[in-house]
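Asker: Read off the chains here:
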Amino acid sequence: MHMTAQTHYQAELDAGRFRIQQCGACSRHIFPPRELCPHCGAGALRWTPARGTGAVYSTSTVSRKPDAGGNYNVALIDLDEGVRMMSRVEGVPPESVQIGQRVHAYVGSKDGRGLVLFAPLREAQQPTGGAA
Amino acid sequence: MSRPNIPTSRLDAAAVNRPLRGSAAIVGAATYGCGEAPGMDDMALLARAAQAAVADAGLTMQDIDGIATCSVGATMWALPVIEHLGINPTYVDSTMLGGSSFIAHLLPAMRALEAGQCKAVLVCYGSAQRSATFGRKEVQSVRRFLDPQPYEFPYEPVLPVTAYALAAARHMHEFGTTREQLAEVAVAARAWAQKNPEAFMRDPLSIDEVLAARMIASPLTVRDCCLVTDGGGAIVLTRATQARDLKQQPVYVLGNATAVWHRQISCMPDLTTTSAVQSGAQAFAMAGLKPADMDMAQVYDAFTINTILFLEDLGFCAKGEGGAFVQGGGIAPGGRLAVNTNGGGLSCVHPGMYGIFALIEAVRQLRGEAGARQLPRARTAVVHGNGGTLSSQATAILGTAETL
Ligand SMILES: [Zn+2]
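Residue numbers (this note's numbering), protein chains in the order written: chain A, 1 to 132; chain B, 1001 to 1404.
Just chain A, with the same shape it has in the complex (with noise of 0.2 angstroms):
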C-alpha cells in the first residue's frame, strides 16, 4: 500500500524519528512533507534524519485559562537544512522565548502520537534531535 509524505513522515515519528525530505533532483530540503519537490517538480523525494538544529524565527505566547493548563508557545522554527516548521519550545516559560534563540528538536507525544517538540539548545550541548 503507497504510504503518502503525510503518513509515512507520522510513521516516523510515532517510532521517535525525526526525519524531513531531501530532493534527488535539486538536493534542497523539503519541508512540510510533499509527493513532488516543490522547488523542481521532481517526484524522487527520500527521507533523511532531520540535524535538529535551528533557530526560533517567530514566536507567539497565546493565552489560555490557567485551568485549562495555562499559555503556551506557539513558534516557528528555522532548521538549519533551510526549511521552516510550526512547533513550540518547552521547558522554558513561553514568554521567554526568543526570536533568534537557538533551540533543539526532540521528539515528544500527543495523544499517543509522535510530535516534534524544541527545547533551548545551550553552547556546549551535542543536538540529540536527529539520532536515529
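In silico SDA-like cross-links for lysine to any residue, where the CA-CA straight-line distance does not exceed 20 angstroms: (1) A:K110 with B:P1150; (2) B:K1137 with A:A68; (3) A:K65 with B:A1212; (4) A:K65 with B:E1156; (5) B:K1247 with B:M1061; (6) A:K110 with B:Q1149; (7) A:K65 with B:K1137; (8) A:K65 with B:V1158; (9) A:K110 with B:E1156.
Think of the hints as simulated: they come from the structure by calculation, not from any bench.
Quick caveat: nothing in here was measured; it's all calculated off a predicted structure.
Keeping the supplied structure of chain A fixed, place chain B with the ligand upon it in accordance with the hints.
Answerer: Leaving out everything else, chain B with the ligand in the frame of chain A:
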C-alpha cells in the same frame, strides 16, 4: 529563508489585462444587516443585500445573468444562491480564496462581460457569523477535517489569530515596529467608525485601551483583532458601455489582480512580506496608476498588523516603515492617507469574510455617498483583500469617470 522576489513574467500579466482597464464598472452596491441581525441566516443576509444592490443599479433580478459568490461553510454555495435568487446565469464563479475572494472575483467577471458571455454580474456574500452561535463548534470541527493542516494543528495555534501574531512578532523584531504602532491602526479604524452610523463599534478607543486589552496571542490583544459580526454585501458589475445608461454614477474597475504564495503560515516565505506586493504591482500596472495617485485605501484589516503590512506591500511606504506611517494618526481622519474609512473589519463589520465590504465602502466614497466620513477628494481608491493566514491577496484599483 530569503525575501521573495516577484518574477517579471508575473508582471507581464498586467500588460495582458491592460485592455480591460475601465471596461467594467460597479453600478450597484449595498450592505444589509451589518452588525447584529438576530434571526437571520447567511442566505437571508445575502439575498437582502443582493436585492438592494440590484435595485441600486436600477436593474431587476431577471437582468442578472452572472454570479460570483462563495461561503465560509458551504462548498457548493453558488448552487443554493442561484436557486434562492431565481436567476439563470451564463457566468458562474464560486472561487473561494478566503476573505479576498470577492475582490478576486472582479477580473474574471470583467473578462466574461467583455467577451459578451454575460451582461450583469452580481458579486454577493452573507454571513450570520455573530448571531448563528448554534453549531459554531461543529462547523469548526468539520472545517478542520475538510481543510486539514496536519503540520500545524498538533501545536494548537488558535487560527487565524496566532498566524497573524507570528507575523506581527516578526515585523516588530525586524523593523522595531511597536505595539503602540499596531494600536494606532485600531484607534484610527475606530475614529473612522465613529463617523459611520453603520459601524458596529463606535465607542471612543485609545491606544492605552488597545494595549491594556486582553491578550489573545502575543503581541495581539483582543482590540488588535477584527470584529465578529453579521452582515451581507453585494455589488453589480456591468460593461462600462452599459453602465453609463444606468441610474448610478459608475465606479470603474481600472486594475485587479490576485496572488497566492502559501496556505499555512509556516509555509509563508517571509512573514513580513505578503503576496500583496505581487497583486498590488499587477493591479497598479494594469490601472497605469501608482499609490501616490490614490485618494484612499480600503484594506483588509482582520488584524492591526494587516494594515501595516498592506500599506508597505502596496507601496505607500517602504518595507518596515508601516509602523511610522500609521503613527500619530497617520491613517485616522485628517491623516496623511485615508484608510478604511468605514471603520474597517476592526470596528465596522467583519462577518467571516470582509472583502466585499471594503469594495462597497470604496464605491460609496467614490460616489460621494459617505456622509460624515466623506472624503473631500475621492476619485481613486485601492481596495485590497486578504484571505487565509496572509495567504491570498487580491488588489483592485477603482476610479470615477474622470480617471478613465
Ligand atoms: Zn527538487
